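In the order they appear, the protein sequences are chains S and V. For reference, each letter of the first sequence is one residue, going 3 to 366 in this note's numbering. For reference, each letter of the second sequence is one residue, going 6 to 205 in this note's numbering.
Hints listed in this document are in silico derivations from the structure and should not be mistaken for laboratory results. Wrong hints could be hidden among the right ones.
[Stated by the list, open to error] With a straight-line Cα cutoff of 20 Å, these simulated EDC-like cross-link-like pairs (lysine to aspartate or glutamate) come out:
# : chain 1 : residue 1 : chain 2 : residue 2
1 : V       : Lys52     : V       : Glu18
2 : V       : Lys130    : V       : Asp103
3 : V       : Lys171    : S       : Glu142
4 : S       : Lys48     : V       : Glu147
5 : V       : Lys171    : S       : Asp143
6 : S       : Lys321    : V       : Glu147
7 : V       : Lys171    : V       : Asp86
Values in this document were obtained by computation on a predicted structure and should not be read as measured data.
Each chain, written out:
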Amino acid sequence: MTIMRINVGPIHPSTHGVLKLVVDVDGDRIENITPKIGFLHRGVEKLMETRSYMQNPVYTEKLDYIAPLAWDELYVSAVEVALGKEVKEAAQYARVILLEFQRIASHLLWLGTFANDLGQLFTSFMWAFRERDIVIRFLEDISGSRMFYVNMRVGGLDKQLPADFRERAYGIADYIEEKVLQYPDMLDSNSVFMERTRGVGIITRDNAIGLGVAGPVLRASGVEEDVRKSAPYYIYDKISFRTPVRSEGDSYARYRIRYEEIIESINIIRQALDSMPDGDMTGLPLKLIGPAAKPETVVVSRELPRGEGLIYMVPDKQKPYRVSLRSPAFINLAALSHAAKGLKFADLFAVLGSLDVVMAEIDR
Amino acid sequence: MEHEQDERLPNAEEEMTRIMEEASKKYKVENNVMFAKLSDVIGHMSKDVVKWSREKSLWPMQFGLACCAMEMMAFGSPRIDGERKGYLMFRGTPRQCDVMIVAGWVTKSMIPRIKRLYEQMPDPKYVIAYGECATSGGPWWESYNIIQGIDQVIPVDVYAIGCPPKPENLFAAFIKLQDKIGGRSAGDTKRTLSPGMWKH
Chain S
3 MTIMRINVGP
13 IHPSTHGVLK
23 LVVDVDGDRI
33 ENITPKIGFL
43 HRGVEKLMET
53 RSYMQNPVYT
63 EKLDYIAPLA
73 WDELYVSAVE
83 VALGKEVKEA
93 AQYARVILLE
103 FQRIASHLLW
113 LGTFANDLGQ
123 LFTSFMWAFR
133 ERDIVIRFLE
143 DISGSRMFYV
153 NMRVGGLDKQ
163 LPADFRERAY
173 GIADYIEEKV
183 LQYPDMLDSN
193 SVFMERTRGV
203 GIITRDNAIG
213 LGVAGPVLRA
223 SGVEEDVRKS
233 APYYIYDKIS
243 FRTPVRSEGD
253 SYARYRIRYE
263 EIIESINIIR
273 QALDSMPDGD
283 MTGLPLKLIG
293 PAAKPETVVV
303 SRELPRGEGL
313 IYMVPDKQKP
323 YRVSLRSPAF
333 INLAALSHAA
343 KGLKFADLFA
353 VLGSLDVVMA
363 EIDR
Chain V
6 MEHEQDERLP
16 NAEEEMTRIM
26 EEASKKYKVE
36 NNVMFAKLSD
46 VIGHMSKDVV
56 KWSREKSLWP
66 MQFGLACCAM
76 EMMAFGSPRI
86 DGERKGYLMF
96 RGTPRQCDVM
106 IVAGWVTKSM
116 IPRIKRLYEQ
126 MPDPKYVIAY
136 GECATSGGPW
146 WESYNIIQGI
156 DQVIPVDVYA
166 IGCPPKPENL
176 FAAFIKLQDK
186 IGGRSAGDTK
196 RTLSPGMWKH
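Take the sequences, apply the hints, and build the full model.
Right under this line is the structure:
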């Protein structure tokens, strides 16, 4: 058979941003995939060198626009390490709660768009966005913006949380749990969903480790790795939660991991709310002077919704001298050609969807 | 059951009849020149009807560039639900679309592709620049790889401001676009959103 080369993208109706895939097909079977990236490149790392410390969260948030708060927090903690500042205790609890809410919102958006990729299972999109909107509006009431919150400050948050925060957070956790528990009825008992995910797009354990994939994709391949467990930050060591792991490594396993992570996040939120102390949680003002001593390299890693994100920063007096970002989505995208090789062409976007890539974070 | 009519959404049939009647009043037909003028009347009448139907059935193109695409998706989600006002018929191909929503920053490598998409859309076509980046470059205005606004490449009809604009803003942008197509001044006070919408 002759090999045919198909260009997919960079603009396509799928919901994964501007990604171009050069696909070699033999008949209907995928022989090879070469992702072409860079269509959203805007030079974030360079731009961050020209801005002061607390101007930069505006850039880091837009790296992963599905979970902006996660990157925001990661960058601010790098600044905290550089300046040697501790986070106030109440703020640690607040951050964990907000981050877990952000994780829920991110996974819900993924769930909605993933089912959409599998062939217009539009009910899933509607359900997931219904729940996501509740979370987004909650975060909006706290920070003032629907998507880009920018409410992390060095040492805490920008202001105290509203008085009804605890009550509303409990209510939303209950609501989301009730609704999310209905999802398996819609997806796991749907034969279209099951046939298009089960046994499709397998990443073996060896491949996953060899490619260095991160987050839910890694855990779906049977590797138990979670920064919240292996190097606990904030109050994660005081909270009992489990890291969902599955051994199949297919699209279905990745769906189950993210689904169970939503449940675990609700669990974490409840525990953090139970033990959250009252107290001051406001951080330092935006105008910051960098470390007085000789700059030392700062490396901070966090468990983002898409996997382990890492910031390498060389601090300077007024602004960072150099910032380098390790994006989990970039590494997960590399696994695509391994996962989709030998599948039918129609499964390409089903597998890409299950990897949960965000192009803005990949292109930077 | 008696259904209360939304002021913004008149009955299609009534609207059509009204336009026909107004047009026939406007272009009075003399008896002796009936056959000569009939084509004019039909021409004028159909012009209004075409304008009306263009205004009422906008089909946006389904393509997102960056962050603003998330809010564009929220525009179709249950709470906002653009479909209830007839804006949401997102199509995957430019050949079936009237409106292009540029949602996100435009890099230099995307310019030729967006131009090509715009050229593939059939006339008449409209463009909404959605968000700061598509309007002016946004926070990336200093970047070496970003153009400062999509209006440097293709003509823009409506700008929606915000980073990202709320989905309600996209509603407002669509209403302004309808005003523009319908020949009314943009931001006509009669055509603001119904107050109940903001409560949810």
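Exercise. Within 20 Å, alpha carbon to alpha carbon, are lysine 171(V) and aspartate 143(S)?
Worked result: Status holds; Cα separation ~14 Å.
Problem set entry | Agreement of lysine 52(V) and glutamate 18(V) with the hint, judged by alpha carbon distance not exceeding 20 Å | OK: lysine 52(V) and glutamate 18(V) at ~17 Å, within 20 Å.
For this session: For the pair we were handed, lysine 171(V) and glutamate 142(S), check the Cα-Cα distance against 20 Å.
Result: Holds, because 11 Å separates the two Cα atoms, which is no more than 20 Å.
Exercise. Is it true that the CA of lysine 321(S) sits at most 20 Å from the CA of glutamate 147(V)?
Worked result: holds (17 Å)
Problem set entry | Hinted pair lysine 130(V) and aspartate 103(V), Cα distance within 20 Å | holds (5 Å)
Problem set entry | Agreement of lysine 171(V) and aspartate 86(V) with the hint, judged by alpha carbon distance not exceeding 20 Å | holds (13 Å)
Exercise. Keeping to a limit of 20 Å between CA atoms, is the pair of lysine 48(S) and glutamate 147(V) held or broken?
Worked result: holds (10 Å)
When held up to the earlier numbered hints, the structure conflicts with none and fits them all.
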